[in-house]
Amino acid sequence: MEKSTFGTMILEEIKTLLTEKFGEDIIQETETTGLQPALLINPDRIAEVCLELRDNPKTYFDFLACLTGVDYGKDNNRFGVVYHLTSIPYKTQITLKISKENNRDLDELPTFESISSVYKTAEWHEREAYDLVGIFFENHPDLRRILLPDDWEGYPLRKDYANAEFYKGIKID
Amino acid sequence: MNSHHPIYQQAYQNYEQKIAQASVEDMVLNMGPQHPSTHGVLRLELITDGEIVKEVIPHIGYLHRCFEKHAESLTYQQTIPFTDRMDYLASMNNSHAFVMGVERMMGIDKDIPKRIEYIRVLVCELNRIASHLIAIGTYGIDIGAFTPFLWCFRDREHIMGMLEWASGSRMLYNYIWVGGLFYDIPVGFEERCKEFVDYFKPKMLEMNQLLTDNQIFINRTANVGVLPMDVAINYGCSGPMLRGSGLKWDLRRIDNYSAYPELEFDIPIGTGLMGTVGDCWDRYKVRVDEIEQSLKIIEQCVERLQKELKRTPDFDPRALLPRKTIPKAQDYYVRCEGPKGELGFYFMADGKSEIPTRVKSRAPSFSNLSVLPEITKGVLIADLVAIIGSIDIVLGEVDR
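Those sequence lines, one after another, are chains A and B.
Position 4 of the first sequence, counted from 1, bears residue number 40 in our numbering, the numbering being contiguous throughout.
Position 73 of the second sequence, counted from 1, bears residue number 354 in our numbering, the numbering being contiguous throughout.
Incorrect hints may have been included.
[Claimed, not checked] Now the in silico label distances, taken between C-beta atoms and shown as ranges:
| hint | chain 1 | residue 1 | chain 2 | residue 2 | range |
| --- | --- | --- | --- | --- | --- |
| 1 | B | 450 | A | 205 | 39 to 49 Å |
| 2 | A | 111 | B | 478 | 51 to 61 Å |
| 3 | A | 68 | B | 395 | 38 to 48 Å |
| 4 | A | 92 | B | 494 | 41 to 51 Å |
| 5 | B | 662 | A | 111 | 47 to 57 Å |
| 6 | A | 198 | B | 359 | 18 to 28 Å |
| 7 | B | 635 | A | 198 | 43 to 53 Å |
| 8 | B | 467 | A | 58 | 54 to 64 Å |
| 9 | B | 478 | A | 198 | 48 to 58 Å |
Rather than coming from a laboratory, the hints here were simulated on the basis of the structure.
If you're wondering where the values come from, they're calculated on a predicted model, not measured in any experiment.
Using N, Cα and C, we set each Cβ at its ideal position, and we do this for glycine too.
Generate the whole structure from the sequences, applying the supplied hints.
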């Protein structure tokens, strides 16, 4: 019933387009396990890739639908960001993923480049990913917590998050 | 503040400095979280120069109920009541999106009987009307028109009553389940839908005479809060916000999910009839026109439910309910057109358990609200109220 907007044909075209522009190492892997294929992008160059996908007349991915910060589990020590882009003129969708290893030290958050210069909507989405998962975005104009209070300790959507016992000296039952 | 590396505190310090500076040169005005015209617990910090708003800093999260954390610790079926509480004015649409995503991951979306799909669309469209009625009514009251608010709530109450009849609950239904429905619609529901449509059509005309074509209302909303199409797209606006800016973008037509491909309806867009394309009046008008289209969809659904897809004694809306909801290991992003815009859920399933490893909800109100600082630069405070109302936010969904 659903018209697939995630076609593998489109995916191959985008892959050649990106490798021609940025070189072979821009796409680390292609994920085709599920119903929606995804491209694993070199995490250091995500902003360039998004800008190219947005402005290239062959793709025009002008709408950032969703941005998700992900903690890949306690055993993996890996954090990532998933981008869901939509092209309004072509009515297509694509998933981009970036990820990095991190030792879960709260003084060294996993750091990625912000794409808020490409899509303004990423500004709030990245604030949310920072707030809940603890992912830091470089060159973000205003990376404060958004949903939780500014004095919140820790990042609740991390898999190793333990509930706080005290809030400002008050015992939490 | 987090007692961590100073680089993570920099943004907060910048913000505090900005407020400290602004309170010397300009005035910092606090609006909300208990302000009636912020539609819930939205707090806005306004940096004002007299009556002119120089900058708006929204503060959200007062209604944060950890939806994503809950979804990571409960099974898919158990999460459905939580989705109802996101956009609590349109619970049916939320659970429809969530359920659709899980069904596609399970690979059972093609097996859902037509009757169930039509009932889902029927209740979703009823709920869409209810949501738009609140948007219209409260928008009137923001601007000073009291009567439309009461009329909207009166008519909405009919829908609430009908959905209560079907699901047992007035606002938070838990009606659409993975693989089916809670119950079949009660006997006589179709007739009551017809009665409602017949009753409601003339009421909408009255409403248009009272509010839509009201000169005071037009003066307050036309040419105010103009949102150009490219800005709307860049800020991830969707739904009536995006369509108000003149783009024909409706996921019910783009994705053609559920029973929508078989239904006849138009996609209203903003035309700048009273002012500029993408102003507050256009967004308001798109909602009014959408109510009309939803009525059209309801009529078609009811007709098909009464003719080809009649209830039969052996029809069981729970027949396809999976015993164990364990989708294959994959990531899936599902989107559908809620009353506020593109409602999406991103699932990460590991293929072993009934509990997803990650669920992210893409709430339309969240993205729609993020454009507020951009379109309120240099407006009057009174216009700010008009602009917030035209965005039609539900804080339950913004904060999740």
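Distance restraint hint 38 to 48 Å, applied to the beta-carbon atoms of residue 68 of chain A and residue 395 of chain B
With a Cβ separation near 32 Å, residue 68 of chain A and residue 395 of chain B fall outside 38 to 48 Å, so the hint is violated.
Residue 450 of chain B and residue 205 of chain A, beta-carbon distance inside 39 to 49 Å?
Distance hint for residue 450 of chain B, residue 205 of chain A holds at roughly 40 Å.
Taking 43 to 53 Å as the stated bounds, is the beta-carbon spacing between residue 635 of chain B and residue 198 of chain A within them?
With Cβ atoms ~24 Å apart, the hint is violated.
Evaluate the given range 18 to 28 Å for the C-beta pair formed by residue 198 of chain A and residue 359 of chain B.
holds (23 Å)
Has the hinted range 47 to 57 Å been met by the Cβ atoms of residue 662 of chain B and residue 111 of chain A?
Once the Cβ atoms are compared, 53 Å apart, the range 47 to 57 Å for residue 111 of chain A and residue 662 of chain B holds.
Assessment of proposed distance window 48 to 58 Å (beta carbons of residue 478 of chain B, residue 198 of chain A)
holds (54 Å)
Should the hint that residue 111 of chain A and residue 478 of chain B are 51 to 61 Å apart at their CB atoms be regarded as holding?
holds (56 Å)
Check the following: the C-beta atoms of residue 92 of chain A and residue 494 of chain B are separated by a distance inside 41 to 51 Å.
holds (45 Å)
With respect to the beta-carbon atoms only, verify the hint that residue 467 of chain B and residue 58 of chain A lie 54 to 64 Å apart.
holds (59 Å)
The structure fails to meet hints 3 and 7 from the earlier list, while all remaining hints are met.
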